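Participant: Make one complex out of these two single chains by using the hints.
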Amino acid sequence: DTGVSQNPRHKITKRGQNVTFRCDPISEHNRLYWYRQTLGQGPEFLTYFQNEAQLEKSRLLSDRFSAERPKGSFSTLEIQRTEQGDSAMYLCASSDGQNYGYTFGSGTRLTVV
Amino acid sequence: SQQGEEDPQALSIQEGENATMNCSYKTSINNLQWYRQNSGRGLVHLILIRSNEREKHSGRLRVTLDTSKKSSSLLITASRAADTASYFCAPRGYSTLTFGKGTMLLVSP
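Protein chains in written order, with my numbering: chain R, 1 to 113; chain Z, 1 to 109.
For reference, chain Z alone in the conformation it holds in the complex (with noise of 0.2 Å):
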């Protein structure tokens, strides 16, 4: 399966403080997205690397991708309460995207 697994679960930080997530995946992929999800809503797509691709920033997000062990990790640096979501990986192979539950993630002010 192409589905992410996302670790943790749930992460709770401060304003201000960095939050880090990770995935891991399975198969060959020809790239990996991530995306947030405020509650409620649908998913809003962040960020995507592609897979000869080691490392991605956009802002507050940093995004780094190892393909020799199927993993990616999302940072987000100096977080804010409106940042408080739930964080996917989408790895993508040749098919259509699946996602795993995702990281929630609630910053506190």
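Next comes chain R alone, as it looks inside the complex (with noise of 0.2 Å):
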């Protein structure tokens, strides 16, 4: 197992595009998390999964953001009618349960032209 893995790196769109963005964690890991972050700031939650239950999400989770986690495998971020304010990293990590950090991904860098 190499970590966790997330496609594609780096992603540019127009606005207005949608954009699906894949996160393989660590597979005995069954907990999956989605952060994003912008320039000079930390990482800001969006939503967490445990196994395929999406326990919480963001306020920062618009209507437009949709996350899955189908068979607590692998899971997918979609941001629909995507707007500049979108450009970030979008992160994701697993875990193996409270008592234990979190393995990060590199990132998907996206850019809303």
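Hints are not guaranteed to be accurate.
As the list claims (entries may be wrong) - Just a few of them, taken from the derived set where beta-carbon distance is under 8 Å, the chain Z residues facing chain R: (1) Asn30; (2) Asn31; (3) Gly42; (4) His45; (5) Ser51; (6) Leu97; (7) Phe99; (8) Gly102; (9) Leu106.
Stated by the list, open to error - Calculated lysine-lysine pairs in the DSS-like style (CA-CA distance at most 30 Å, straight line): (10) R:Lys57 with Z:Lys26; (11) R:Lys11 with Z:Lys69; (12) Z:Lys69 with Z:Lys26; (13) Z:Lys69 with Z:Lys101; (14) Z:Lys70 with Z:Lys101; (15) Z:Lys26 with Z:Lys70; (16) R:Lys11 with Z:Lys101; (17) Z:Lys56 with Z:Lys101; (18) R:Lys57 with Z:Lys101; (19) Z:Lys101 with R:Lys14.
Rather than coming from a laboratory, the hints here were simulated on the basis of the structure. Predicted, not measured: the structure shown is a model, and the values here were computed from it. Just so you know, even glycine gets a beta-carbon here, dropped at the ideal spot from N, CA and C.
Facilitator: Here is the structure:
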């Protein structure tokens, strides 16, 4: 297992288009998290899955954002009708429980033009 | 909020010197974690200290935790240029991790 994998690494899209990112967590980890990070800021929490159940969603996750984790394995994050303000690094992380650290992927950098 | 606040925001030192970063938080915690982020990359978990621990070591890292003051510190000894990165603390209660703006550490050769 090579850690948390995120695809694509970079995505440039035109405003108004839909985009989808994928995250493959460490296979033994049942918890999966999505964060968004803009320049000079720390990662902001978006949503959390335990197995296939989405247990927590941030208010940052507007109705244009949707995340899924079918079968409790990989996860997808979709942004509909992208806006320039969606430009950011989208980070995925997984963990094995509350008393363990998170393993982060390298992120997907989204640029909306 | 469980979010930690790191101090200083930026720190510039020479190779071989020690670097100390501080973290303050506001709520009760189960543990507190420190992460490193190199420019444009994901975060890397460095160390986790539980609420009943006061000090923990890992290689050149030393973390302290004072739950009465709701504060933690990360000491990097004998710093190297490769330690140049942003460092984040993450106090963990019963919810997911939240992050502050971090401390940006620059280690010059």
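Participant: State for each hint whether it applies.
Facilitator: Evaluation of the provided hints:
1. Asn30: Constraint on Asn30 (chain Z) satisfied, holds at 6 Å.
2. Asn31: Holds: closest Cβ of chain R sits about 6 Å from Asn31 (chain Z), inside 8 Å.
3. Gly42: With Cβ-Cβ at 4 Å, under 8 Å, it holds.
4. His45: 3 Å, holds
5. Ser51: 10 Å, violated
6. Leu97: This hint holds: Leu97 (chain Z) lies near chain R, its Cβ roughly 6 Å from the closest one there, short of 8 Å.
7. Phe99: Result: holds, 4 Å to nearest chain R Cβ.
8. Gly102: 5 Å, holds
9. Leu106: Given a least distance of 15 Å, the restraint on Leu106 (chain Z) is violated.
10. R:Lys57 with Z:Lys26: 22 Å, holds
11. R:Lys11 with Z:Lys69: This hinted pair is violated, its Cα atoms lying about 43 Å apart.
12. Z:Lys69 with Z:Lys26: 9 Å, holds
13. Z:Lys69 with Z:Lys101: Holds, because 20 Å separates the two Cα atoms, which is no more than 30 Å.
14. Z:Lys70 with Z:Lys101: 18 Å, holds
15. Z:Lys26 with Z:Lys70: 6 Å, holds
16. R:Lys11 with Z:Lys101: 25 Å, holds
17. Z:Lys56 with Z:Lys101: At roughly 23 Å apart (the allowed maximum being 30 Å), Lys101 (chain Z) and Lys56 (chain Z) satisfy the hint.
18. R:Lys57 with Z:Lys101: Holds, at about 21 Å.
19. Z:Lys101 with R:Lys14: 29 Å, holds
Against the hints set out earlier in the document, violations occur for numbers 5, 9 and 11.
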